[in-house]
Amino acid sequence: MTLTHPSATPPPSELRTSSEDSDQKLATLLRWLEDGGARLPKLHIARQENGERSVLARADIAAGEAVLQVPRGHLITLDVAKSSDIGRLIQSHVNPDNEELYLASFLLQEKLRPDSFWKPYVDTLPEAFPHVPLFFDDSERALLKGSFLLTLLEFQGYTLRQDHALLSQKVPGYERFSLEEFVWARLSVSSRNFGLKVGGLQGRALVPLADMLNHRRPPDVLWDTSADGQFFVMTAQNAVASGMEIHDSYGAKSNDLLLLHFGFVASDNEQDEVFLSLGLPEGTAMASAKQKLLGLSSPTARQPFKVPLQLEHASTQRMFSFLRVACAAPLELPRLAPRLLTGLGSIKPLGVANEERVLRALGAACEARLAAFDTSLDEDERLLREETLSYNARSCVLLRREEKRMLRAWSELTRTSLELLRMPRAELERLAALPQSPWGWFDRYVREAVLELVRRA
5 MTLTHPSATP PPSELRTSSE DSDQKLATLL RWLEDGGARL PKLHIARQEN
55 GERSVLARAD IAAGEAVLQV PRGHLITLDV AKSSDIGRLI QSHVNPDNEE
105 LYLASFLLQE KLRPDSFWKP YVDTLPEAFP HVPLFFDDSE RALLKGSFLL
155 TLLEFQGYTL RQDHALLSQK VPGYERFSLE EFVWARLSVS SRNFGLKVGG
205 LQGRALVPLA DMLNHRRPPD VLWDTSADGQ FFVMTAQNAV ASGMEIHDSY
255 GAKSNDLLLL HFGFVASDNE QDEVFLSLGL PEGTAMASAK QKLLGLSSPT
305 ARQPFKVPLQ LEHASTQRMF SFLRVACAAP LELPRLAPRL LTGLGSIKPL
355 GVANEERVLR ALGAACEARL AAFDTSLDED ERLLREETLS YNARSCVLLR
405 REEKRMLRAW SELTRTSLEL LRMPRAELER LAALPQSPWG WFDRYVREAV
455 LELVRRA
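The opening position of the sequence shown corresponds to residue 5 in this note's numbering, with each subsequent residue numbered one higher.
Treat each hint with caution, since some may be false.
Claimed, not checked - In silico BS3-like links for lysine-lysine, alpha-carbon gap of 27 Å or less:
no.	residue 1	residue 2
1	174	86
2	123	86
3	29	174
Stated by the list, open to error - Label-pair restraints from in silico Cβ distances:
no.	residue 1	residue 2	range
4	429	293	32 to 38 Å
5	391	272	15 to 21 Å
6	38	378	30 to 36 Å
7	256	179	36 to 42 Å
8	439	241	30 to 36 Å
9	299	28	54 to 60 Å
10	25	314	42 to 48 Å
Calculated from the structure, these hints are not laboratory results. Bear in mind the structure is a predicted one, so any value in this text is a computation, not a measurement. For glycine and all other residues, C-beta sits at the position ideal for the given N, C-alpha and C.
Produce the complete structure using the sequences and hints provided.
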């Protein structure tokens, strides 16, 4: 398999075991866990219509109740992976700082051992990842034209190939694992590991059964390790009625990362972010000085930003700070340089003229991103309403629709704010005094940036 041409991978139907065989493997896993001291008295694993699993409540679960406890001896921790035969070889010959390489390599080692202690767990891991973009066919990838996900996908494929080549070259015996097997192991780890933070359980770990819960925010359960470090514990943070699905959270992730690693897109994702590439305005004064202050490799270099629709977010503050420096007039640079060189936080609005240049630059970046898509937002909405799309095609269209929505929202901020900066102060004050904000999600920006600039002017 070449990661740039995933059609070489067999279709999912050829990679999946029968339902009966899968159920038998699941029963073996549950017996293995319970024999080892795991506690899951109210959990039931069900098969959905699409063949995927979900975890349900067998009986009513109260808030604060422990719903799953997995003993330390049944966790594949970083220490377990590093101290194994293959882990010691990797440490002595490569010693990478990527924890996932150890965990993935441990899975590959144990998968080849018919008498492995971990066989009940390894046997229940997904055999394929048909909904992960790495395995999309050409027609599905074509639906992503204009999306930042294609850049992430290219980097993911490159990284996987490089990591496999390095380990195969440096670690004795590693060449027995094919690229296809290595990719399977890496995706198994990246889509289901937990970050533990207590005592000897620090670092990434694989937790049997806990990794079967589906994602939702806010989740039904929170997880941690017990005070003595002997158990991984999932605790209900709200009541769950008998027969209802129990959800975990995969973290505050943007939609492109959810699709890249987990194979799904969340509609109305409050943690979603949009990618923007920003640089110095063409013909800007003192370009060389600004380049050095901003750490750009050249006056024409671009700086990537991924920003949510949240003005208080650190990445949003960094973006505005970057633009205020990039758009600064020569007389404004001397007072910016000390702040940048000493790292004294974000750059606040400098003045009406500077902020207007900032907004125009931001608006142009949004319009450039929107122009890269072949379809309009209205066309995406129509496609999603028709319900004739395959699962993967729907994920692609949903992802690009959400990107366009965010880009339009940022464009609306720039257009509206430019109009407000030119509005008489009395009229702007009148709008700001209304009981309900006329500016929606960017109300904070208008009040803290636009209104303050107009008052100062």
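Right, here's what the structure says about each hint:
1. Between residue 174 and residue 86, the direct Cα distance comes to roughly 16 Å. Compliance with the 27 Å bound is thereby established for this hinted pair.
2. For the given pair, residue 123 sits about 18 Å from residue 86 by alpha-carbon distance, which is consistent with the 27 Å threshold.
3. Under the criterion of a C-alpha separation no larger than 27 Å, the hint pairing residue 29 with residue 174 is inconsistent with the structure, at around 35 Å.
4. A C-beta distance of roughly 34 Å is found between residue 429 and residue 293, which places it inside the suggested range of 32 to 38 Å.
5. The hinted range of 15 to 21 Å is satisfied by residue 391 and residue 272, whose Cβ atoms lie roughly 18 Å apart.
6. Checked against the hint of 30 to 36 Å, the pair residue 38 and residue 378 fails, with Cβ atoms roughly 53 Å apart.
7. In this structure the hint that residue 256 and residue 179 lie 36 to 42 Å apart at CB holds, the actual value being about 39 Å.
8. The supplied range of 30 to 36 Å is met by residue 439 and residue 241, whose beta-carbon atoms lie about 34 Å from each other.
9. For residue 299 and residue 28, the hinted distance range of 54 to 60 Å is satisfied, since their beta carbons lie about 57 Å from each other.
10. Checked against the hint of 42 to 48 Å, the pair residue 25 and residue 314 passes, with Cβ atoms roughly 46 Å apart.
Hints 3, 6 from the list above are not met by this structure, while the remaining hints are.
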